[in-house]
Amino acid sequence: MDVDTALMLRFQAGEDVCFEELVTRFRRPLMGYIYRMVHDAAASEELLQDAFVRVYQHRQRYRPDARFSTWMYRIVHRLALNYLRDHRHELAVPAQVEDAEESRRQREQADLHPNVEQAMLAFGEAERRRLRVQQAIAVLPERQRAAVILNKYQGFDYEEISRVLELSVSATKSLLFRAYGTLRRELRDLL
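This note's numbering puts the first residue of the sequence shown at -2, with every later residue one more than the last.
I should point out that these hints are in silico values taken from the structure, not numbers from a laboratory.
Just so it is clear, the structure is predicted and the values come from calculations on it, not from any experiment.
None of the hints are false.
Restraint-style ranges between C-beta atoms, simulated for each label pair:
1. V166 to L6: 22 to 30 Å
2. Y53 to Q132: 30 to 38 Å
3. G178 to E17: 39 to 47 Å
4. A39 to L78: 14 to 22 Å
5. E156 to A38: 24 to 32 Å
Below, simulated EDC-like cross-link-like pairs (lysine to aspartate or glutamate); rule was C-alpha separation at most 16 Å, straight line:
6. K170 to E156
7. K170 to E157
8. K170 to D154
All C-beta atoms in this analysis are idealised placements derived from N, C-alpha and C, irrespective of residue type, glycine included.
Please construct the entire structure, taking both the sequences and the accompanying hints into account.
See below:
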């Protein structure tokens, strides 16, 4: 039994301090997952709080036949999908916005130090690549996006992803195959 499952079982038994530990352990990775799904910091924070409230209120529904992390991500995933469905008309793909003042300041710094210029160019290229990857993931269909985020950013294996998304393992593999194929096509100039 993993540590998180043990903490949840202790929380079910009445040890409220275990809930605080679960919040501490899961806050950051769950926030990353939610934000990558909905692309809105305020909404992500709200959804995260809602998820922890649900865990607290429905703690007796948890069954240790699945890892706690899988159960927790399933809750968060459903909340994110509901948010996306309810706000579909308001959502836009995140765009890369260049801050002119920051760019000017960086260029001035680079003029003062030639080595800084090289470092900034390298950093700028890496940042551009990172943003392109994020944008390509953001426009994937919801299930494909969720599967990629769970796989690459959260480190979930096929089995865990299949439980969170409520798919068979073979359907999960197929979903990821299609998603990574789309990403390869969209990002071929970066490969």
